[in-house]
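My request is simple: use the sequences and hints to build the entire structure.
Heads up: the sequence lines are chains Z and S, in that order.
Here the numbering used here is used: the first residue of the first sequence is 1, the next is one more, and so on.
Here the numbering used here is used: the first residue of the second sequence is 1, the next is one more, and so on.
In short, the hints are calculated from the structure, not lab data.
Worth double-checking, as some hints may not be accurate.
Unchecked claim - Below are the DSS-like pairs computed for lysine-lysine, each with C-alpha atoms no more than 30 Å apart in a straight line: (1) K582/S / K2/Z; (2) K582/S / K83/Z; (3) K423/S / K582/S; (4) K146/Z / K12/S; (5) K12/S / K6/Z; (6) K146/Z / K2/Z.
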Amino acid sequence: MKWRVKMSIDFNQAWLSQLDLLALIQRSLRRGGFPLAYSQGFNPHMLISWGPAHAVGVASLGEYFDLEFSRPPREDWLRLWQKQLPEGLDLLEARPVPPNSPALMAVINLASYCLEFPFFFNNSVDTYIKNFWTAQTWPIERVSPKGKKEIDAKAGLAAIKQEENKLLAEVWLNKGASLRPAEIATIFAPESSLSAVTRTGLFIEENGKRKEP
Amino acid sequence: MLDYALLSSIEKPAQYSGQEYNRYCKDWDHNQARMAFLFPDTYEIGMSHLGLRLLYEAVNCRDGLLMERCFAPQTDLEAALRARGIPLFSWESRHPLTDFDILGFTLQYELSYTNILNMLDLAGLPLLAAERPGWPLIIAGGPCAYNPEPLADFIDLFIIGEAEEILPRLLAMASEVRAGNGSKEDLIKKIAAWPGIYIPSFYQIEYDSDGKLVNISNLPPALPQIRKQVIADLAAAPSPTKPLVPNIKVVHDRIMLELMRGCSRGCRFCQAGMIYRPVREKDLDCLLKQAREQAAATGYDEMGLLSLSSADYSQIIPLVEELLRRHGPQGVSISLPSLRVDAFSVGLAHQIQKVRKSGLTLAPEAGSQHLRDIINKGVSEEDILTASGAAFAAGWSSLKLYFMLGLPGETDEDIIAIAALCKKILENGRHLRPAGSRKPLQLSLAAASFVPKSHTPFQWQGQASPEELAHKQKLLRESIRPLRSVTLKTHDIETSLLEAVFARGDRRLGPVLLQAWQKGCKFDGWSEHFRPAIWEEAFAEQGLNQKELAGRNFSPSETLPWEHIDSTISKTWLWQEWLKAKQGELTKDCREGVCSGCGACC
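Encoded structure:
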């Protein structure tokens, strides 16, 4: 049986990579002694499937993942599991989902972010936002260990607005290379340096309707 | 302190968070005796080290004492700390290192010595002990402390041997002296005659005009010989019931279950096999209890059974069976990192594969019987073929084999014999593997360069020259070339040369080390950071020559640089072993009945 879990990550734990976070979650589940289902084969592993990975350094108000149990866990399992987690990782909710429900990765297509800055220069952000939306395309260069490539930031950004010293952005996750928070900061606040990033939500948007996974 | 801009600019920032599960969070004000354990290499290596775990527990389990951790920051963080003027800090409470009473380095590897200087500098402390009258006290221990001389200029005090008992006592004493407004000098005078404590400033070293060490004399109250500390009852020694769980994947990311300490097999190249004597085992019940506690407290799915030769643990079969029975169903696998070369060990390795498959490594060390007898490996060609055959029969299709190049008495024939041995292993394996398996058999060879170490029978012998080692590596590569299913990895020769210089070096290396660090050397054990040309310069400026130092043979009458460090292994016994090695004579494991008189037990 499959359960869908929503968990928040604070600024201290945000620096864990997705792989390290996964290992941490698995160890905490093992400490709790829950009846989890394992894969078959030479190297059996827990059946956990994640939604879109959070980037290193990005805190989150809600990450999603699905857990597979071999038999129903006890009623208060979520509370017991919370005890096994370090400070800064909070289990917000869990609910059973149908075994054939599609993978989170396949359905979550929109993420919202809050980017915080110590301050902005004058009213520069407004101008950057206007310029961005009037342009046909907004090519940016993405550098990764694999090399450099050009992507169109306009295809990836769903919405952007300024609120005090923050930028609130919505990013498409399924349209090619999805835009990263640091890239958003470079486009709309190139003179400021980021002081914190939070993923504020993950959504499934279909035909203009938005829902949580 | 480490803000978003800094953390987002460095690799694997989670290693610096200090937010690990099961870390001790002891109250700073309540615990007045405070020390930091400094690991002079990266977090990933340091957190894989058993000694850190044991001492972290030995100190922190006592009320009033506190130990926090610090690791060598990687170069990206170091640059950021220097740019912002942030002094190096402890992982747990983020206190600057200068806030502690004691800073203790572990010496696991000679090529981490520049990192020690670098960490002291990052903490804002003077590097030379003589220029550092104030607190904190800088101490060091671990295997490389058995020849502490190259670090004598920088370290206030060394602990020789096992520190679980003496370290908490030292910390409590330091805090007491400090509370009474005493100085570091006051503390040092009080403890100068404690067994196991070596204070370099209380010993005078004399050299002759050729730079040869001629005499070591102690200044009272320090004792002429510093005898190593030994934990008599291993089962009663503090062992973490809730071990730290690192935040990022570390080199050995598993439960560390120490089965026993010491090894009596007597391989003549092996320093650990000498200095950790006598052999002390934990009993079965103690280990099962510790395994249960650690599994429950960490959630790890792997358990490493640690010792110098785990198949030699007297209860190994019942232990493995019981651990598999109790923890196997929860998906916890067992690993045995140090196996002997025999069918029994391979059988064990096969048995522990029930939960999860893993690779198999055997260490014949030398290719010919002649050379294996010189090093007292106690392994015959038949043993090697039986062991590898058993492995292939059990379904492994690849094996890792460890060898050493440059062992005393080695000839070209001994090297060619490695290739011949590999050929036999493969031929033998093809007959024994399960019918129907098609995957070609593979051997991965790792050939290290032999580094003679102090307190071993080979301590008098110089290292083979870099030219000889290059020749040996080339010869090995050529001899295995016809065997297509054998791959070879060799160690960097210049790295091994520097390791050899420091392993048997004396105090004249202090200024070289300082100069090399000043010129930018650090992380010398990492090929991407190692800068042999700078080291070469640093040696030359002190009028020393690396090749001469590494290759020098000590005569039997010479005073060795570590003569005052008593490992309890008698020098006469070591010399006899050296003579026996030259004759290719074996010395039996004393657990088989005959005591050879090494001195560790009596």
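Which hint numbers does the structure go against, in order from smallest to largest?
1, 2 and 6
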